[in-house]
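Novice: Each chain, letter by letter, is given below.
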Amino acid sequence: MIIEINNLKKVYAGRTVVDITDLKFHAGETIGLVGNNGAGKTTLFRMLLDLIRPDGGEILSKSLNVASSDQWKAYTASYLDEGFLIDYLTPEEYFIFIGSLHNMSLAHVTDYLQQYMEFFNGEILNSGKYIRDFSKGNQNKIGIAAALMQNPELLVLDEPFANLDPTTQIRLKALVKNLKVTHSVTTLISSHDLNHVTDVCDRIILMEKGRIIKDILTNENTLQELEAYFSEKTV
Amino acid sequence: MLFTFLGHQWIAFTRSRGKNTNIVVQVIMGLAILYLLACAVAAGVFMGKILPAAFPNKDVIVVFNGLILYYFVLEFLSRLQLQELPTLSVVPYLHLNIPKKKIVGFLNIRALFSAFNLIPVFIFFPFCLMNISGKLGVSVALMYLLSILSLSVFNNYLALYVKRISMVNMIFVATGLFLLSALGLLEYFKVFSIAAVSNTVFSHIAVFPALALVFPVLAAVIFMVNSRYLSNNLYAEELSSGEKRKSSTDYPFLDRFGEVGALAAVEIKLILRNKRSKSTVSKGLLFVFYGFLFYKTQFLDKNQFLMMIFAAVFMTGNMVMLYGQFMFGWQSAEFDGILTSRISIKTFIKAKFLLFTLSSTVLTLVVSLYGFISWKILLIQFAAYLYSVGIASVMVLYMATRNYKGIDLSKGSSFNFQGVGATSMIMGLPVLLTPLAIYGLVNYLSNPFWGLAALGLIGLAGLFTRNYWVDILVKEFNKRKHKIAEGFREK
Chain A
1 MIIEINNLKK
11 VYAGRTVVDI
21 TDLKFHAGET
31 IGLVGNNGAG
41 KTTLFRMLLD
51 LIRPDGGEIL
61 SKSLNVASSD
71 QWKAYTASYL
81 DEGFLIDYLT
91 PEEYFIFIGS
101 LHNMSLAHVT
111 DYLQQYMEFF
121 NGEILNSGKY
131 IRDFSKGNQN
141 KIGIAAALMQ
151 NPELLVLDEP
161 FANLDPTTQI
171 RLKALVKNLK
181 VTHSVTTLIS
191 SHDLNHVTDV
201 CDRIILMEKG
211 RIIKDILTNE
221 NTLQELEAYF
231 SEKTV
Chain B
1 MLFTFLGHQW
11 IAFTRSRGKN
21 TNIVVQVIMG
31 LAILYLLACA
41 VAAGVFMGKI
51 LPAAFPNKDV
61 IVVFNGLILY
71 YFVLEFLSRL
81 QLQELPTLSV
91 VPYLHLNIPK
101 KKIVGFLNIR
111 ALFSAFNLIP
121 VFIFFPFCLM
131 NISGKLGVSV
141 ALMYLLSILS
151 LSVFNNYLAL
161 YVKRISMVNM
171 IFVATGLFLL
181 SALGLLEYFK
191 VFSIAAVSNT
201 VFSHIAVFPA
211 LALVFPVLAA
221 VIFMVNSRYL
231 SNNLYAEELS
241 SGEKRKSSTD
251 YPFLDRFGEV
261 GALAAVEIKL
271 ILRNKRSKST
281 VSKGLLFVFY
291 GFLFYKTQFL
301 DKNQFLMMIF
311 AAVFMTGNMV
321 MLYGQFMFGW
331 QSAEFDGILT
341 SRISIKTFIK
351 AKFLLFTLSS
361 TVLTLVVSLY
371 GFISWKILLI
381 QFAAYLYSVG
391 IASVMVLYMA
401 TRNYKGIDLS
411 KGSSFNFQGV
421 GATSMIMGLP
431 VLLTPLAIYG
441 LVNYLSNPFW
451 GLAALGLIGL
461 AGLFTRNYWV
471 DILVKEFNKR
481 KHKIAEGFRE
491 K
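Chains as they are written, first to last, in the numbering used here: chain A, 1 to 235; chain B, 1 to 491.
Calculated from the structure, these hints are not laboratory results. Warning: the hint list may mix true and false statements.
[Claimed, not checked] Dumping the calculated DSSO-like pairs for lysine-lysine here, alpha-carbon to alpha-carbon at most 30 Å: (1) B:K475 x A:K9; (2) A:K209 x A:K173; (3) B:K479 x A:K9; (4) B:K246 x A:K136; (5) B:K135 x B:K58; (6) B:K269 x A:K129; (7) A:K173 x A:K233.
Values in this document were obtained by computation on a predicted structure and should not be read as measured data.
Excised from the complex, chain A in its bound form (with noise of 0.2 Å):
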């Protein structure tokens, strides 16, 4: 088990925004958030990054509270939107500076880059722009291909697909699966297309107004019956 989450709870302004009593990740599972706008997605995703303090319960990494302990940021890596980069950095700059965090030579950093060159099309390196000047998808390709170079053993990615081109966002379902098997890396994923959910994850978690309404491992129907629940919410 790699994340644990006991009787989390955020409220603004008098009204629950996440309240979840109960919730373990286990390693290498790939795990799919979705919900409507305001179902407490992000708000999970930055109480789980120590960007936000709940308040009330915890959420251990790796058995230590990431309120009161340093030691996930070794291992996790995450990218929620474009506040993770820091958008006067050219690209290159920008992974360069991100490796040397990870004791990552120049080297080593280029040699990383390079398997990546299919996933930036030809757009990202050597552009000769800052990271600002990018459109927002581009912007959303430096910041996931940013973490995926981290090596990380927990990954978090916020509306990844969001922005992205069709062709990209087949490629990173490819990357996400590829992961799984490869390093047995745990990825959390919030989309609001839930044909990518459905396909890359293998458990999805629903959430409603902040509280967890289903909790499902993916199989055949679950992309029907995740329809079914949207469909419903509407009328």
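Let chain A serve as the given structure and place chain B on it in line with the hints.
Specialist: Same frame as chain A, now just chain B:
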């Protein structure tokens, strides 16, 4: 349509974040503006008395005539530095069904809403009405008014035009700077005098009032040039920044400091590559000329160092104070990324110290040139340097852990109060007053040189116990990091 635009601008102004949240800042801003306006009005109303007192042997009118163009040359330079281009505000309208002409018209009108256009009215109009009309006649006085108003408008649009062009073309800026400094040198060596030219021009106007009509014509010409340029280049992309290839850079010198050095290198890039930080730091550099104001031989001879310490602390530590004032808000945009990355907070804090130490060291070396005035200055500045590095930096970072306001790096720094919170407002006081208090006390008890020694020793003590302070800062940071991150996320 024009009024709709102006209405939107007004709404944008009143609803902008940071303006309606911080009443203290608003009040202080308001007082500062009132003070400046009051100064301008006073200068204008009493000019008839001030000029004869300042130049007793000259004719008042001659002095006044000389002053006019001189003022507008200086005003032009300040406009280049301070006046903001009102361009980005039109981006949301460009794709709508609004004719280009109207948008350009709006930009032109919007540009007139600047304090710069008000000040000459206050400074020059009273004198024209009270003195010129009495001595030279009402029609001449009216022509003076017309000339001054036109010059102000001319300056307004010329400054904006130059700013717009210079964003695209660096060579233009370089030539302009060269010409201006050449003019300044000529003026300095009395080869050429703006005042004399100004006096010639306006004494001719006194004789042939119709000559003044040349100024409105000039203003109209530059207005048209500016409008044409705008309507030909009304693309958000071209109005903002030039498309220059950006390259990766490296500071090998910082490599020896390991991870701390890497973080400091990133922060140096932050400063150099963003508008707000760049203008804050480059304006800070102007303070190295403070010495010319404060280092006076009569005080040096009498060993009265108090005000000189103030200047020395400000010069050696201006980066600590001016840049440190908004710490850690500079990094608000990527703050979540920093918190989740593998950087330990200790390293993060140490990198700030490295940055401060480097900047103060460089600044101290530069201002050592004042040593040519007196060796005592070197002592004062060295004590101030130790204080800036050892004590001021700790104070600044301690207060930074209580700053929850992010900085928008893409805006200029002049009159920009975004990100100003209670901490950044009061921060300067303890940092500047502490050295004065230390020196003042020891000077009172023994003598001025022991006062300097005490200041230096206290700074040195801070430097040697730095690890202790780093630990305290880390603790303070961890206590409030969620609140800081939350504040920074609010854009």
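Novice: Given the proposed pairing of A:K173 with A:K233, does the C-alpha separation stay at or below 30 Å?
Specialist: 27 Å, holds
Novice: Given the hinted pair B:K246 and A:K136, is their Cα-Cα distance within 30 Å?
Specialist: 19 Å, holds
Novice: Within a Cα-Cα threshold of 30 Å, do B:K269 and A:K129 meet the stated pairing?
Specialist: 14 Å, holds
Novice: Check whether the Cα positions of B:K475 and A:K9 lie no farther apart than 30 Å.
Specialist: 25 Å, holds
Novice: For the pair supplied as a hint, B:K135 and B:K58, confirm whether the alpha-carbon distance does not exceed 30 Å.
Specialist: 16 Å, holds
Novice: Quick one, are A:K209 and A:K173 close enough, alpha carbons at most 30 Å?
Specialist: Holds - the C-alpha atoms of A:K173 and A:K209 are around 28 Å apart, at most 30 Å.
Novice: Between the alpha carbons of B:K479 and A:K9, is the straight-line distance 30 Å or under?
Specialist: 20 Å, holds
Violated hints: none; the structure is consistent with every hint.
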